[in-house]
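S.K.: Spelled out, the chains give:
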Amino acid sequence: MDWGNFTQQLVNGLSLGAIYALIALGYTMVYGVLRFINFAHGDVFMIGAFTGLYAHSWLKPVFAFLPDYVSGVVTLLAAMAACALLGVVIEKLAYKPLRERSRLTALITAIGVSLFLSYSAQLLFGAAPRGFPELIKNHTHSLPGGASVTTEQIVVLVVTLLLLLALRYIVMNTRMGLAMRALSNNPTAASLMGVNTDAVISFTFALGSALAGAAGIFFALLYQAIDPFMGILPGVKAFVAAVLGGIGNIPGAALGGVLIGMVETFVVGYSNRIGIPSGYRDAVAFVILILILLFKPSGLLGKSDREKV
Amino acid sequence: MKNFIVAAVLLAGPAITGCKRVPSGEASSKEIVIGEFASLTGGTASFGQSSHKGVQMAVDEVNASGGVLGKPVRLVVEDNQSKAGEAATVVRRMISRDQIVALIGEVASSRSLEAAPIAQQNKVPMISPASTNPKVTEVGDYIFRVCFIDPFQGAVLAKFMLERGWKNVAILTDVKQDYAVGLTEFFESYLTKNGGTIVSDQSYSSGDKDFKAQLTSIRASNPQAILVSGYYNEAGLIASQARELGLTVPLLGGDGWDSPSLVQVAGNTMEGNYFSNHFSAEDTSPAVQNFLRKFQEKYKEEPDAMAALGYDATMLLFDAMKRAGSTESDGLRAAIASSKNFPGVTGSITLDEKRNASKPAVILTVKDGKFRYVETVTP
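Going line by line, the protein sequences match chains B and Z.
Okay, so the first sequence: first residue is 1 according to my numbering, each after it adds one.
Okay, so the second sequence: first residue is 1001 according to my numbering, each after it adds one.
Hints were generated in silico from the structure; no laboratory data involved.
These figures come from a predicted structure and were not determined experimentally.
Fair warning: there could be bad hints in the mix.
Said to hold, decoys possible - Label-pair restraints from in silico Cβ distances:
#	chain 1	residue 1	chain 2	residue 2	range
1	Z	PRO1250	B	VAL158	42 to 52 Å
2	B	ILE108	Z	GLY1067	49 to 59 Å
3	Z	GLY1272	B	ASP198	44 to 54 Å
Said to hold, decoys possible - Selected chain Z positions facing chain B (in silico; Cβ < 8 Å):
#	residue
4	VAL1175
5	TYR1204
6	SER1240
7	GLY1246
8	LEU1247
9	VAL1249
C-beta: ideal position from N, C-alpha, C; glycine also.
Kindly produce the complete structure, drawing on both the sequences and the hints.
M.R.: Structure representation (structure tokens):
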């Protein structure tokens, strides 16, 4: 066993998993309050990456006078804000009018919104993949045993952790978080108790979409290229991550995301040793989905009802 | 009534093998209609854009000098969006709706393979400018190409590595593309027969963005060089992620790397890598320099190999039409098949009995963001 190699794959898997985790949170929160899967979520992630690209190039003259990390933070915040707004608008225009209909109607609408977003992006931004600027000076740092980690990977992991802690604070320690939990527990009772359902749902969409926007920036930072259809596969994999962790459960979504990223990386990295060709990378998540639905449909952490959002 | 027949053929076309096409309508007696399908948008947009510029230039040139057989040529272009499935749809449409007499396309072998059976069935001669997978022309006697094929290209790359003493080689293949899978296969067989070893064999799929897991595994096998068998988008990402992981050995690729986008994403991480190609803009032969000058005048940019091949494919088609004296399908097919020593931009083109061109390949390297000529390898 080559430990340097193993550590390297761990780093690779962890940074990919962090991105899946951020996207998976949006699926799980929306499911928590509305009981439906927002399949347009992966495209919000894509819009986040493009917002970052344009925000960075528009603000370039301003950034020239500022240190690197400021431009990075501004780009990240711009993408998160734009996605939060987009999430709220999508909910108001596409899902709210259908709230009293069957959940299948909303689900099919979500697929429609997803296609609308990716093809609109293709019209606006062109179909060819675009390079993403280096937001922070990237260095490679050596780890013991021959593995290495880049500055970008460290930043992605640290900021993801901070975002998760902030989310936990919002959900557990604020009035809005309490309202979200109440709504998720029993929508009718919550509205009878004076919870403004519409505001809470909008807030949930804004929160989830902002995290997807951040994930878009991180993905673009780590893998350098973005295109209008980049959101489809990560979106579906993050959905699997949310199911794996127990849909509706916030820590579960984060855990599921990291697990999917890890498993995917290890299957590809050790493909020769375990006898699965690395071309099966995208199938890994779906095999996991099938297994989880067969053996533990509630997901890994799905039973803890109290934390449901 | 004609519309009815067209509609009937459209519906029944795939079901009836070898069905005759609707006789040419009145429109085609006044002009010659040829079709081109290309990836004008999508993942390999650069291929389609370039080859289309070459084709368009050839058509404009021939029309400026009075057309072919006294008739002007009309080019019908369809975009397949770099997508599987789309090529078949647009080619069917061009054959039934526009009644094209010949078809130019595609660069990517997977999409040429999709369209070839349709062209063959409808007896429309098809010339691929740059599909190098041998299976393309094996579809039937109406399918031709003006470029070399991958058994040759794979051997060229393997020979180039062995000559430099790079015996331990890792491979990273795009398993979604027939071109990449074929190239890897021929490369591997030449390399291992001549004393080289494959130390790591990894794969990915077109559209992937994360290659770090594969590259980490490759790094552990200590290769002296890495073959990246696939197209330019992924090759650029692979180069930059390889450097991030501290892999400094040279990366090599085939003609699928030929695009200005290769260095746009990868930046300076592409420096010092090599790829095989059909033509070099640094070639001083009058044919190439003449083409370069005309292309730059028309499009204000430098042509790549796909543009040159698109131009050659179209010019070869016109030459065959002139020799056949008509655009009738059997005669045109025979005329294309007997093309001999046709003076193309990418070299002299003679089609063999398998309808392939046997031509030299060039090796290019990336230096200061530009593609520089290294050497020519003859078959």
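S.K.: Each hint needs a verdict: does it hold in this structure or not?
M.R.: Evaluation of the provided hints:
no. : hint                             : result
1   : Z/PRO1250 / B/VAL158: 42 to 52 Å : violated, 34 Å
2   : B/ILE108 / Z/GLY1067: 49 to 59 Å : holds, 52 Å
3   : Z/GLY1272 / B/ASP198: 44 to 54 Å : violated, 59 Å
4   : VAL1175                          : holds, 4 Å
5   : TYR1204                          : holds, 7 Å
6   : SER1240                          : holds, 6 Å
7   : GLY1246                          : holds, 6 Å
8   : LEU1247                          : violated, 10 Å
9   : VAL1249                          : violated, 16 Å
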